[in-house]
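Enquirer: If you want the building blocks of each chain, they are given just below.
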Amino acid sequence: MGIRFVVYALLLLWASAAVAGGFQVSLQGVKQTGMGGTGVANPLDASSIYFNPGALSFSKKNSLNLNAWMLLPKVQFREQGTNNIYDMDAGASFPFAGYFSWNTNPKQHWKLGIGVYTPYGSSVDWGTTWAGRYVLSSTQLRTIHIQPTFSYNIADRVGIGAGFVYSRGSVDLTRVLPLALNTGEEGSVNLSGQAGGYGFNAGIQVHINPKLDVGASYKSSIKYNANSCEAKFTVPDALVDSFPNTSISTTLQIPWSVDMGVTYRPEPKLAISFDVNYVGWKVYDKVHIDFAENTTVLSDITLPRNFKNALTFRLGASYDIDSAFTIRFGTYLDLNPVPDGFVPPETPDADRFAITLGGTLHSGDRFELDVSLTYLESVKRTELQAENYANLGGTYKGRALTIGVALNFNLGKKQQPIIIENPTAP
Amino acid sequence: MRYWYVILALLVAGCSKDILEPEPVDRGLLPISPYVAIGGSETAGFADGALHLEAQQYSYPALIANQLQKVGNSSFTQPLTIDSGGYFFSNGQLYSKLILSYKADCNDEKSLVPVREAADAGTFENLTTVGQSGPYGNLGVPFLKSSDINSTSLASNSSYYRRMGTGSSTLLQAFDNRSPKLFTIWLGMEDILDNTINQGPELAPVQFYNNVTPLLDSLIKDTTAAGFIATLPDVTAFPFFNTIPYNALALDQPLADALNQLYAGTGMTFQSGPNPFVIEDPNAPGGMRQIKPTEKLMLTLPLDSVKCLFLGSLSPISARYVLDDAELFFIRYQVDNFNLFIRQLADEKDLHIVDISALYQGLDAGILVNGIEFNNTLVNGGFFSLDGINPSRRGAALIANEFIKVMNEQYRASIPLVSVIEAPGIKFP
Numbered sequence: 001m002g003i004r005f006v007v008y009a010l011l012l013l014w015a016s017a018a019v020a021g022g023f024q025v026s027l028q029g030v031k032q033t034g035m036g037g038t039g040v041a042n043p044l045d046a047s048s049i050y051f052n053p054g055a056l057s058f059s060k061k062n063s064l065n066l067n068a069w070m071l072l073p074k075v076q077f078r079e080q081g082t083n084n085i086y087d088m089d090a091g092a093s094f095p096f097a098g099y100f101s102w103n104t105n106p107k108q109h110w111k112l113g114i115g116v117y118t119p120y121g122s123s124v125d126w127g128t129t130w131a132g133r134y135v136l137s138s139t140q141l142r143t144i145h146i147q148p149t150f151s152y153n154i155a156d157r158v159g160i161g162a163g164f165v166y167s168r169g170s171v172d173l174t175r176v177l178p179l180a181l182n183t184g185e186e187g188s189v190n191l192s193g194q195a196g197g198y199g200f201n202a203g204i205q206v207h208i209n210p211k212l213d214v215g216a217s218y219k220s221s222i223k224y225n226a227n228s229c230e231a232k233f234t235v236p237d238a239l240v241d242s243f244p245n246t247s248i249s250t251t252l253q254i255p256w257s258v259d260m261g262v263t264y265r266p267e268p269k270l271a272i273s274f275d276v277n278y279v280g281w282k283v284y285d286k287v288h289i290d291f292a293e294n295t296t297v298l299s300d301i302t303l304p305r306n307f308k309n310a311l312t313f314r315l316g317a318s319y320d321i322d323s324a325f326t327i328r329f330g331t332y333l334d335l336n337p338v339p340d341g342f343v344p345p346e347t348p349d350a351d352r353f354a355i356t357l358g359g360t361l362h363s364g365d366r367f368e369l370d371v372s373l374t375y376l377e378s379v380k381r382t383e384l385q386a387e388n389y390a391n392l393g394g395t396y397k398g399r400a401l402t403i404g405v406a407l408n409f410n411l412g413k414k415q416q417p418i419i420i421e422n423p424t425a426p
Numbered sequence: 427m428r429y430w431y432v433i434l435a436l437l438v439a440g441c442s443k444d445i446l447e448p449e450p451v452d453r454g455l456l457p458i459s460p461y462v463a464i465g466g467s468e469t470a471g472f473a474d475g476a477l478h479l480e481a482q483q484y485s486y487p488a489l490i491a492n493q494l495q496k497v498g499n500s501s502f503t504q505p506l507t508i509d510s511g512g513y514f515f516s517n518g519q520l521y522s523k524l525i526l527s528y529k530a531d532c533n534d535e536k537s538l539v540p541v542r543e544a545a546d547a548g549t550f551e552n553l554t555t556v557g558q559s560g561p562y563g564n565l566g567v568p569f570l571k572s573s574d575i576n577s578t579s580l581a582s583n584s585s586y587y588r589r590m591g592t593g594s595s596t597l598l599q600a601f602d603n604r605s606p607k608l609f610t611i612w613l614g615m616e617d618i619l620d621n622t623i624n625q626g627p628e629l630a631p632v633q634f635y636n637n638v639t640p641l642l643d644s645l646i647k648d649t650t651a652a653g654f655i656a657t658l659p660d661v662t663a664f665p666f667f668n669t670i671p672y673n674a675l676a677l678d679q680p681l682a683d684a685l686n687q688l689y690a691g692t693g694m695t696f697q698s699g700p701n702p703f704v705i706e707d708p709n710a711p712g713g714m715r716q717i718k719p720t721e722k723l724m725l726t727l728p729l730d731s732v733k734c735l736f737l738g739s740l741s742p743i744s745a746r747y748v749l750d751d752a753e754l755f756f757i758r759y760q761v762d763n764f765n766l767f768i769r770q771l772a773d774e775k776d777l778h779i780v781d782i783s784a785l786y787q788g789l790d791a792g793i794l795v796n797g798i799e800f801n802n803t804l805v806n807g808g809f810f811s812l813d814g815i816n817p818s819r820r821g822a823a824l825i826a827n828e829f830i831k832v833m834n835e836q837y838r839a840s841i842p843l844v845s846v847i848e849a850p851g852i853k854f855p
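Heads up: the protein sequence lines correspond to chains U and Y, in order.
Residue 101 in our numbering sits at position 101 of the first sequence, with consecutive numbering throughout.
Whatever position you read off the second sequence (first residue = 1), add 426 for our numbering.
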């Protein structure tokens, strides 16, 4: 078993649908997870590479930060009319994020970092017999971002930073076809492929005074042009000519996001953060799948999505009980981007509300262990049959539990906290 | 700290249990038992050109009865066939159901078409009476015309009725014996179809009214009974009349030239490519003419004769395979008038109209259900069985849902609908 295998295994495990709006997965740092997902104006560790590259230059140490979550979702669908209830496969998934930040000399004002994280994805399996199987049976959408980052600090007041993002995205989607074999078993089509895309993540952090920080970051949209995907049909023998296995091309775009935050410290031990994320889901207006080979019964597919931009509000707090233990808690409200009539089974989306808990165990200056627990409840979402683009009417309801664990290694020499340090002129 | 485990265990447990409850179901004020269904082929579960087991199991009355079971205790039985091939009895011949299969034509070209499944010995067992398992809730009789309802010769004329072994001399008597509290009626289809397809006698709409009235009078003797009656669809839109295009006569130039020469002076012209077929018409000069784009050819047209024996070109297609404009006009007029009388009957006898006609009309534009479209096309359209006349399993489910919707509306009931796509689709080899 080589490294390759491990990497693939990780790619297979992380994604899931139930955590944030659309197919966003808002798990990028366990400390932040414990604080309702806030973190734009609160440099906690190297995960600032994601949350706000500008804040990275404020973080006090060179560090390696490794995060993993176990996500246990539960989604059900009650079909309008028939009253039948269907379960989405609720297997666990394991998103992850890793960051490394570094500079040679703590006196310098810049910091380098690299992050690997999984910001968008969804893992949905409704099975092959459920009411919406002709729309979607299962899908695995994954993206993995690699982000080298540079962050610069001006007079310990303002941190700016930016990272280039290279992303790999892959999609695997299975849909049952209404073509029954003599055994009664139905045919299906599987679409799969992967592609790369580019983007950036830039941010600014302003340290107004020891009690107040504000920050903002912009994460660009990333477009994946998947030109060499495959469509594989499983159909009755009689129809093999009508449904040839063929290559397909499609484009997928993940949205941009504007994140703004403020952190207030009424006393040194207590931090309260409030973040707003504005996510540009409008880019996800349709999915067009172009089959290289069309037949009389096989034409290109255009699926309407018509997502709208959406807001998320996050509130979190941390309190240092003593030098060894910090507790965290928070909450967020995630407003969904999917308009009525267009709720697709791959993102059975609704407004979500979550409460979070977390804690950090500090072992000297070198090591930290973070844990987090998120309980998320999505509002019942009823999609009327007559309004739905596919006539798939019913009520979706979701719930999820997420457990996060992170290890944080502070490297190199002990550094002075920058906040109380008097900067030397260059 | 150890309470963490408890919280965690509770949360994990919370995530695994159901988070949606089914909506409450209720029969409201609807009496549900005994339920008796009355009608012709569609009601009996005659589809794919035969009365067969799967179509019976998914007949619209059986599907309605399944849903009634969810709101109370309602027993409903059907005179099921024994062999899965089912049977169709025609001119002394016994046939199995149609299946999609490859068939070589006269040019030895294979294509996927509905063909009769090879009948095995079991086919004959289907004729045996199954009266011992009665009395039945589904009293649908394939090819039942309204004049058969009160006819004592039904048992001798219809093997389908005979095998039900109702022990009653007439179907009317059999209905009466069941004293249904809930009944659904879909009559008139076979009167129209017999006239349309088999050149059977025309039935005056008022005669239909007169034929059905005694049945309804008998059924509504019990004033607490609930009755539902279906309107009739425009049968000319069925795939049986719309699958073979009027201009499927493919000619090359020499053949077109030859036909032009042969038919010179008749007004018929032919060219290379698709041409309208030549059909019989006693009113046309020479007793034949070309079919008009609005006119229709029946699915029973012998295509081998068309391909290899120049039927429809050198020799005209017999009028019995053709619906000409006048016939089409008359059929639609009949359907409209039958529906007027059905509505009048519903008024007089206090029955609830189930607008099956409107459901079928929806097929023209296509009916989207759970991501797939149902329409009037044979096979791909999903709604019709392979005979192009009777509904498929999924078609029957859509019909059952129309009945259930009216039951829910009229009796403040909340009976769940049938899952259309849980019914089997058309099977391919």
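Please note that the accuracy of each hint is not assured.
Below, computed lysine-lysine pairings styled on DSS-like, alpha-carbon distance capped at 30 Å [stated by the list, open to error]: (1) Y:K647 with Y:K853; (2) Y:K529 with U:K232; (3) U:K211 with U:K269; (4) Y:K853 with U:K380; (5) Y:K496 with Y:K607; (6) Y:K443 with U:K232; (7) U:K380 with Y:K496; (8) Y:K733 with Y:K853; (9) Y:K733 with Y:K496; (10) U:K74 with Y:K443; (11) Y:K853 with Y:K831; (12) U:K308 with U:K286; (13) Y:K831 with U:K232; (14) Y:K775 with Y:K647; (15) U:K380 with U:K282; (16) U:K282 with U:K107; (17) Y:K607 with Y:K831; (18) Y:K496 with U:K74; (19) Y:K607 with Y:K775; (20) U:K308 with U:K74; (21) U:K223 with U:K286; (22) U:K308 with U:K282; (23) Y:K536 with Y:K775; (24) U:K380 with Y:K831.
Don't read these hints as lab results, they were simulated from the structure.
Enquirer: Verify the proposed pairing of Y:K607 with Y:K775, using a straight-line Cα cut of 30 Å.
Expert: Roughly 14 Å separates the two Cα atoms, so the pair holds.
Enquirer: Has the given pair, Y:K496 with Y:K607, been kept, meaning a C-alpha gap of at most 30 Å?
Expert: Judged against 30 Å, a Cα distance of about 17 Å means the pair holds.
Enquirer: Taken at face value, is the distance from the CA of Y:K496 to the CA of U:K380 at most 30 Å?
Expert: holds, 25 Å
Enquirer: Given the hint that Y:K529 pairs with U:K232, test it: the Cα-Cα distance must not exceed 30 Å.
Expert: Within the cut-off at roughly 28 Å; holds.
Enquirer: Below or equal to 30 Å on CA atoms is what counts here, so check Y:K647 against Y:K853.
Expert: The hint is violated at about 44 Å.
Enquirer: Checking one constraint from the list: CA of Y:K536 to CA of Y:K775, max 30 Å. Satisfied?
Expert: violated, 54 Å
Enquirer: Are the Cα atoms of Y:K853 and U:K380 separated by 30 Å or less?
Expert: Distance ~37 Å between Y:K853 and U:K380 Cα, so the pair is violated.
Enquirer: So if I understand the rule, the pair passes when the alpha-carbon distance is 30 Å or less; does U:K308 with U:K74 pass?
Expert: Status holds; Cα separation ~25 Å.
Enquirer: Please work out if Y:K607 and Y:K831 have their alpha carbons no farther apart than 30 Å.
Expert: holds, 18 Å
Enquirer: Check the hint pairing U:K74 with Y:K443 against an upper bound of 30 Å on the C-alpha distance.
Expert: holds, 8 Å
Enquirer: Do the alpha carbons of U:K308 and U:K286 lie within 30 Å of each other, as the hint requires?
Expert: Roughly 12 Å between the alpha carbons, so the hint for U:K308 and U:K286 holds.
Enquirer: Do the alpha carbons of Y:K443 and U:K232 lie within 30 Å of each other, as the hint requires?
Expert: Judged against 30 Å, a Cα distance of about 35 Å means the pair is violated.
Going through the hint list in order, the structure does not satisfy hints 1, 4, 6, 9, 13, 16, 23.
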